[in-house]
Amino acid sequence: MSVAGLRRAARDAVSGMPREFWWLWTSTLVNRLGAFVATFMALYLTLDRGYSASYAGLVASLHGLGGVISSLGAGVMADRLGRRPTMLIAQVSTALSVAVLGFMENPVAIAGVAFVVGMASNASRPAVQAMMADIVAPKDRVRAFSLNYWAINLGFAVSSTGAGFIAEYSYRIGFLVEAVLTLCCAAVVFLKVPESKPDHAPAASASGGRTTGPVGVRLTDVLRDGRFMGVVGLSFMVALITQQGYVGLPVAMGADGLTSSDFGTAIAVNGLLIVVLQIPLTRFIERRDPRQLLIVSTLFAGYGFGLTAFAGSVAAYALTVCVWTLGEIVNAPTQSGLVVKLSPAHGRGRYQGMYSMSWSVAALVAPLMSGVVIDHWGASWLWMTCALLGTVTALGYWLLMRNLSAGEEAGDRVAKNGVQAVPLTAAAPVKAAPVQAAPLTAVPATAVPLDAVPAAEAAVAVEALHAPERC
2 MSVAGLRRAA RDAVSGMPRE FWWLWTSTLV NRLGAFVATF MALYLTLDRG
52 YSASYAGLVA SLHGLGGVIS SLGAGVMADR LGRRPTMLIA QVSTALSVAV
102 LGFMENPVAI AGVAFVVGMA SNASRPAVQA MMADIVAPKD RVRAFSLNYW
152 AINLGFAVSS TGAGFIAEYS YRIGFLVEAV LTLCCAAVVF LKVPESKPDH
202 APAASASGGR TTGPVGVRLT DVLRDGRFMG VVGLSFMVAL ITQQGYVGLP
252 VAMGADGLTS SDFGTAIAVN GLLIVVLQIP LTRFIERRDP RQLLIVSTLF
302 AGYGFGLTAF AGSVAAYALT VCVWTLGEIV NAPTQSGLVV KLSPAHGRGR
352 YQGMYSMSWS VAALVAPLMS GVVIDHWGAS WLWMTCALLG TVTALGYWLL
402 MRNLSAGEEA GDRVAKNGVQ AVPLTAAAPV KAAPVQAAPL TAVPATAVPL
452 DAVPAAEAAV AVEALHAPER C
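Sequential numbering of the sequence shown, starting at 2, is according to the numbering used here.
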């Protein structure tokens, strides 16, 4: 594609978005520019505090467990209290807990506060995703999620480098910087962002019409939504595959005699490709059938990791990263758009919370999966397992969506409790005002300096802290 073509694609990708979305996008970028804990927690515990890699892994697991628990709770809060109050509570709690974590000395206290940080930092995601769906027209949602995903990765790529320099001087300063930037986001939300949650949910009468009485969406209704829970299960499978890039990949490269710096070089390709290709590919993504995109992107992810079984050099590993990263670029915004399509407007918080939980659970399972498979059968079996999971997941998308009726795609789908889903051809009502993002800590990792820690152990701890951030 020519330079003029790239410029035109970039212009088309960013045009037509409401002003509220760009407040949300900018705050996401700023938040990720201030990321520190998720990137260097493992190194902080092992190098600065002198704890073992096993302890660092335990802390990372507690951080991830906090995210699992808060995903559902925050989803309920976003529907009951509203998107804005949930974001404010999550942001202020994150800032305070991150600052406190930097001053903890006792290992039990560190583990406990890390659990709180995991809960607080992940609590914002359902509210942010629900608000984005509230303020962006249905036809632009995939593009919006794509642009937001790009901001997450750009911010994280820059913060990983900047945080490295901060860590050389003082880890504690890094904690305080993240706390201050998170408080800044909370201040903007408090001053600029109105509530976007619909006032009440319409109820269906016995004759099929609507009544004026509000009807809520409960978690049990989400669990009974078979198609949506199928998407959640498939999302878990995709997350289980892609997170092997930060759990199983460094172990395999270390077994081939490569260093942690080599792993950093290979995994940096992931962030670089997302930053370079996400915006140009945005128009391509939103103009294609989401069912085809999900199937193809999942196959790219699964077989990209499958090719790792044949890699033996840094260049070969980097090439496999290119393959599964292409799948990630397409899958993340497309799947986020599908979640919104299948979510009733007044239950978006709970639906987004359930979706977020799939990534949090995958973050806990992925290290166990890679460890067991590699220890008992070797790395090659792990990559073949990823290829198999990719095939099964792609088949699952085909089976799940092949009978998606035209009525459902037009927004006629009604939840089991009588709440009608938002039409897919018209945006939900929203008050116009700038929207600010909450901290999103679960993102694909870029290069992380792991030279001072065994590659396999440090990577496991760092990845568990990263989850579940993909939008």
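I should point out that these hints are in silico values taken from the structure, not numbers from a laboratory.
Just so it is clear, the structure is predicted and the values come from calculations on it, not from any experiment.
Among the hints, erroneous ones may be present.
Listed next, with one range per pair, are the computed distances between beta-carbon atoms [what the hints assert, rightly or not]: (1) Gly379 <-> Ser53: 18 to 28 Å; (2) Ile70 <-> Leu48: 21 to 31 Å; (3) Glu169 <-> Leu320: 29 to 39 Å; (4) Pro86 <-> Arg219: 11 to 21 Å; (5) Ser55 <-> Leu220: 16 to 26 Å; (6) Thr392 <-> Tyr170: 26 to 36 Å; (7) Ser53 <-> Arg225: 43 to 53 Å; (8) Ala316 <-> Ser16: 34 to 44 Å.
We put the CB at the ideal spot given by N, CA and C, even for glycine.
How the hints compare with the structure:
1. For the pair Gly379 and Ser53, the beta carbons lie near 26 Å from each other, so the given range of 18 to 28 Å is met.
2. Between Ile70 and Leu48 the beta carbon distance is about 29 Å. The supplied range of 21 to 31 Å therefore holds.
3. The given range of 29 to 39 Å is respected by Glu169 and Leu320, whose C-beta atoms sit roughly 32 Å from each other.
4. Pro86 and Arg219 have their C-beta atoms about 20 Å apart, which keeps the hinted 11 to 21 Å range intact.
5. In this structure the supplied range 16 to 26 Å is violated for Ser55 paired with Leu220, their Cβ-Cβ distance being about 35 Å.
6. Range check, Thr392 to Tyr170: Cβ separation about 48 Å, and the 26 to 36 Å hint is violated.
7. Between Ser53 and Arg225 the CB atoms are about 45 Å apart, so this pair conforms to the stated range of 43 to 53 Å.
8. For Ala316 paired with Ser16, a C-beta distance near 38 Å keeps the hint of 34 to 44 Å intact.
Of the hints listed earlier, those the structure fails to meet are numbers 5, 6, in rising order.
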